[in-house]
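Trainee: Here is how the chains run, residue by residue.
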Amino acid sequence: MENQKERTTIVLFSGELDKAIAAFIIANGAAAYDHEVTIFFTFWGLNTLRKDEAVNVKKGFLEKAFGWMMPRGPGKLGLSKMNFAGMGPQMIKHVMKKHNALSLPQLIELAQEQGVKLVACTMTMDLLGLQEEELIDDIEYAGVAAYLGDASQAKVNLFI
Amino acid sequence: MENQKERTTIVLFSGELDKAIAAFIIANGAAAYDHEVTIFFTFWGLNTLRKDEAVNVKKGFLEKAFGWMMPRGPGKLGLSKMNFAGMGPQMIKHVMKKHNALSLPQLIELAQEQGVKLVACTMTMDLLGLQEEELIDDIEYAGVAAYLGDASQAKVNLFI
Amino acid sequence: MENQKERTTIVLFSGELDKAIAAFIIANGAAAYDHEVTIFFTFWGLNTLRKDEAVNVKKGFLEKAFGWMMPRGPGKLGLSKMNFAGMGPQMIKHVMKKHNALSLPQLIELAQEQGVKLVACTMTMDLLGLQEEELIDDIEYAGVAAYLGDASQAKVNLFI
Numbered sequence: 179m180e181n182q183k184e185r186t187t188i189v190l191f192s193g194e195l196d197k198a199i200a201a202f203i204i205a206n207g208a209a210a211y212d213h214e215v216t217i218f219f220t221f222w223g224l225n226t227l228r229k230d231e232a233v234n235v236k237k238g239f240l241e242k243a244f245g246w247m248m249p250r251g252p253g254k255l256g257l258s259k260m261n262f263a264g265m266g267p268q269m270i271k272h273v274m275k276k277h278n279a280l281s282l283p284q285l286i287e288l289a290q291e292q293g294v295k296l297v298a299c300t301m302t303m304d305l306l307g308l309q310e311e312e313l314i315d316d317i318e319y320a321g322v323a324a325y326l327g328d329a330s331q332a333k334v335n336l337f338i
Numbered sequence: 179m180e181n182q183k184e185r186t187t188i189v190l191f192s193g194e195l196d197k198a199i200a201a202f203i204i205a206n207g208a209a210a211y212d213h214e215v216t217i218f219f220t221f222w223g224l225n226t227l228r229k230d231e232a233v234n235v236k237k238g239f240l241e242k243a244f245g246w247m248m249p250r251g252p253g254k255l256g257l258s259k260m261n262f263a264g265m266g267p268q269m270i271k272h273v274m275k276k277h278n279a280l281s282l283p284q285l286i287e288l289a290q291e292q293g294v295k296l297v298a299c300t301m302t303m304d305l306l307g308l309q310e311e312e313l314i315d316d317i318e319y320a321g322v323a324a325y326l327g328d329a330s331q332a333k334v335n336l337f338i
Numbered sequence: 179m180e181n182q183k184e185r186t187t188i189v190l191f192s193g194e195l196d197k198a199i200a201a202f203i204i205a206n207g208a209a210a211y212d213h214e215v216t217i218f219f220t221f222w223g224l225n226t227l228r229k230d231e232a233v234n235v236k237k238g239f240l241e242k243a244f245g246w247m248m249p250r251g252p253g254k255l256g257l258s259k260m261n262f263a264g265m266g267p268q269m270i271k272h273v274m275k276k277h278n279a280l281s282l283p284q285l286i287e288l289a290q291e292q293g294v295k296l297v298a299c300t301m302t303m304d305l306l307g308l309q310e311e312e313l314i315d316d317i318e319y320a321g322v323a324a325y326l327g328d329a330s331q332a333k334v335n336l337f338i
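Residue numbers (my numbering), protein chains in the order written: chain A, 179 to 338; chain B, 179 to 338; chain C, 179 to 338.
Be aware that a few hints might be false.
[As the list claims (entries may be wrong)] Derived lysine-lysine pairs resembling PhoX-like cross-links, with alpha carbons at most 20 angstroms apart:
| id | chain 1 | residue 1 | chain 2 | residue 2 |
| --- | --- | --- | --- | --- |
| 1 | A | K259 | C | K236 |
| 2 | C | K237 | A | K276 |
| 3 | A | K259 | C | K242 |
| 4 | C | K259 | B | K259 |
| 5 | B | K183 | C | K236 |
| 6 | A | K295 | A | K229 |
| 7 | A | K183 | C | K242 |
| 8 | A | K276 | C | K236 |
Simulated from the structure, these hints should not be mistaken for laboratory data. The structure displayed is predicted, hence computed values, not measured ones.
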């Protein structure tokens, strides 16, 4: 055990801008301290990994309905509080820019550069009818067993 | 330490269908990997353990009010996102059935078969006026001290 | 490692009364069992630490707007469920008083007496324009690095 790197895992279940930002700030911080970091995207959290353009894939009716209703990528996420029909996210993005804080797409890019493992939950993809072509590149695909494998070697395990 | 089983604990605070499903999928996964698993149901999470029929117990006015307003069992829980006045949960249940995923009542049953320890928070029961007769069978009753006892021996501790 | 105290950390991200109460009940429980406990207040969770009176500090327009819109201190927080335009929090406060449970301000005071480390996230303070004068006394100020330092020595790490 002595020489192994410390590990941190985050389950990102929520599909809200503020929670996704918090998840990536913690993940990037841990990676900067040389932890091996995994973010496991499940349920609404998967929307964070969607490409912002529509992708032409064959789907059934319900899968299409979920696809339309759910936010397409980090630019479309709402807030968990004070969303005000989309004005809240604009305010948050504005103050983050003003303070030179990284935006969510930049935080995602930084995480990938730092080797943070981004894992899309395959069970959720099945349920919501999301396909690999619709998600950003350079991510992994796995189920709850893989998450538990990483988490049981980690000290910091968060559900966000 | 060497020969002890690994432990996983989950505090289920939220009373939403999607979060309860996530909690039970992780719990059942961990139990399948031979972890000792505890789910501690507190605040709104306790509604997951309610029987779906009304139970005739003596209560004061406020306790009755909470009893009426809160969802009675796993079949009545809403979603944390896209609830759409109950249409969202129906869609989720429909796609889960279509993909042969276990429903929440089935996930609860599986957890009990696998020996996952389901613990109702006695402090919350007092506050919300819930009585043992109103909750499903074969669960335990304890407070935050018992939770902390389990959590401090576990590596994976989540708050959902 | 043998003689060190056990550690527990909580990230309080949410700005809701029920979640703040849960965080402080767990924190006070862990402190009673002689854990070293840190609560790291970030995003909406920071509102828990605000003084309940307005504090006269110089601010820009957006910072003032956030200051007005966000709840000022533990007495003003809403519920994550059944808020009913403020009636929910009154009901919860009423039943807690009736059962002699500690109120949130009392839980905060107890935490400080027990030596629970309350840390305000400086990055959030910058973003939302909150200043030290607006927060309660005897707390610490730090960033995500300090949180990760504590969390990687702890077994129980929760995100609430």
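Trainee: Against the 20 angstroms threshold, does the CA-CA distance of K183 (chain A) and K242 (chain C) hold or violate the hint?
Mentor: violated (44 angstroms)
Trainee: Taking 20 angstroms as the top limit, are the C-alpha atoms of K259 (chain A) and K242 (chain C) close enough?
Mentor: holds (17 angstroms)
Trainee: Are the Cα positions of K259 (chain C) and K259 (chain B) separated by 20 angstroms at most?
Mentor: Measuring from Cα to Cα gives roughly 13 angstroms; hence the hint holds.
Trainee: Would the pair K276 (chain A) and K236 (chain C) pass a check requiring their Cα atoms to be no farther apart than 20 angstroms?
Mentor: Holds, because 17 angstroms separates the two Cα atoms, which is no more than 20 angstroms.
Trainee: Is K259 (chain A) close enough to K236 (chain C), meaning Cα to Cα at most 20 angstroms?
Mentor: violated (25 angstroms)
Trainee: Assess, step by step, whether the Cα of K237 (chain C) is no farther than 20 angstroms from the Cα of K276 (chain A), and give holds or violated.
Mentor: Status holds; Cα separation ~14 angstroms.
Trainee: Below or equal to 20 angstroms on CA atoms is what counts here, so check K183 (chain B) against K236 (chain C).
Mentor: Judged against 20 angstroms, a Cα distance of about 56 angstroms means the pair is violated.
Trainee: Is K295 (chain A) close enough to K229 (chain A), meaning Cα to Cα at most 20 angstroms?
Mentor: holds (18 angstroms)
When held up to the earlier numbered hints, the structure conflicts with 1, 5, 7 and fits the remainder.
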